[in-house]
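Line by line, the protein sequences are chains A and B.
For the first sequence, the residue numbers in the numbering used here are 1 to 112.
For the second sequence, the residue numbers in the numbering used here are 1 to 113.
You may find that some hints are simply not true.
[What the hints assert, rightly or not] Simulated restraints on C-beta separations:
(1) A:Glu15 to B:Asp57: 43 to 53 Å
(2) A:Tyr50 to B:His10: 15 to 25 Å
(3) A:Asn75 to B:Pro81: 44 to 54 Å
(4) B:Glu62 to A:Asp18: 23 to 33 Å
(5) A:Glu54 to B:Ser73: 39 to 49 Å
(6) B:Ile5 to A:Ser10: 27 to 37 Å
(7) A:Ala78 to B:Asn71: 18 to 28 Å
(8) B:Val98 to A:Arg60: 40 to 50 Å
(9) A:Gly53 to B:Pro61: 18 to 28 Å
(10) A:Gln3 to B:Gln17: 30 to 40 Å
[Stated by the list, open to error] Where chain A lies over chain B, by a calculated footprint (3+ residues, C-beta under 8 Å):
(11) 37-45
(12) 90-103
Hints in this document: simulated from the structure, not taken from any laboratory.
For clarity, every value in this text was computed on a predicted model and none was experimentally measured.
Using N, Cα and C, we set each Cβ at its ideal position, and we do this for glycine too.
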Amino acid sequence: GQQLNQSPQSMFIQEGEDVSMNCTSSSIFNTWLWYKQDPGEGPVLLIALYKAGELTSNGRLTAQFGITRKDSFLNISASIPSDVGIYFCAGLPMEYGNKLVFGAGTILRVKS
Amino acid sequence: DAGVIQSPRHEVTEMGQEVTLRCKPISGHNSLFWYRQTMMRGLELLIYFNNNVPIDDSGMPEDRFSAKMPNASFSTLKIQPSEPRDSAVYFCASSFGVGQPQHFGDGTRLSIL
Chain A
1 GQQLNQSPQS MFIQEGEDVS MNCTSSSIFN TWLWYKQDPG EGPVLLIALY
51 KAGELTSNGR LTAQFGITRK DSFLNISASI PSDVGIYFCA GLPMEYGNKL
101 VFGAGTILRV KS
Chain B
1 DAGVIQSPRH EVTEMGQEVT LRCKPISGHN SLFWYRQTMM RGLELLIYFN
51 NNVPIDDSGM PEDRFSAKMP NASFSTLKIQ PSEPRDSAVY FCASSFGVGQ
101 PQHFGDGTRL SIL
């Protein structure tokens, strides 16, 4: 089946540092989504990407849809303590209609 | 605006009991999804509906699991009989059409003793 390789698995960074995480696949995706999940809550949509090469920002977050349509990255600039959580990438493959494929998640911890 | 609403938020029950999880999607969304999240397997899609019709239930683990969507504003996921290995967080999500971003509820944390 479809798989997304998300890395890194976890990060422990200093407040104020920039963060970068990415997802790759051997398959082509129509849409890339980035979610954040806080403890005890559901994933919250951060950014949605619909076109190859698209670069989209949401405050301190920036995400890009890779040119090959097989990868995406998420950057967080000037991290703050409330950025702590699990970040998931998710993609809609071309041939699977409405079924999102999720990465395993990146656990982000921030030191004050 | 109200997001996806799930109930109950927590459920603890003994194995063998019937469990019913409930979901109200975002108004106007016509696709609804049920997921299960565990540490070992991450987020797994169980079943999804378009316009109240089940489209793909290939992720439903066993016949003990069933899902219904009697109308556009309500869905249930039922486990009967429940087993300890069903313990997980169950999420409902909805989207406005095929290929659109899915919005998640806060989940039901299910513990089967």
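Q. What are the numbers of the hints that this structure violates, sorted from low to high?
A. 2, 4, 5, 7, 8 and 9
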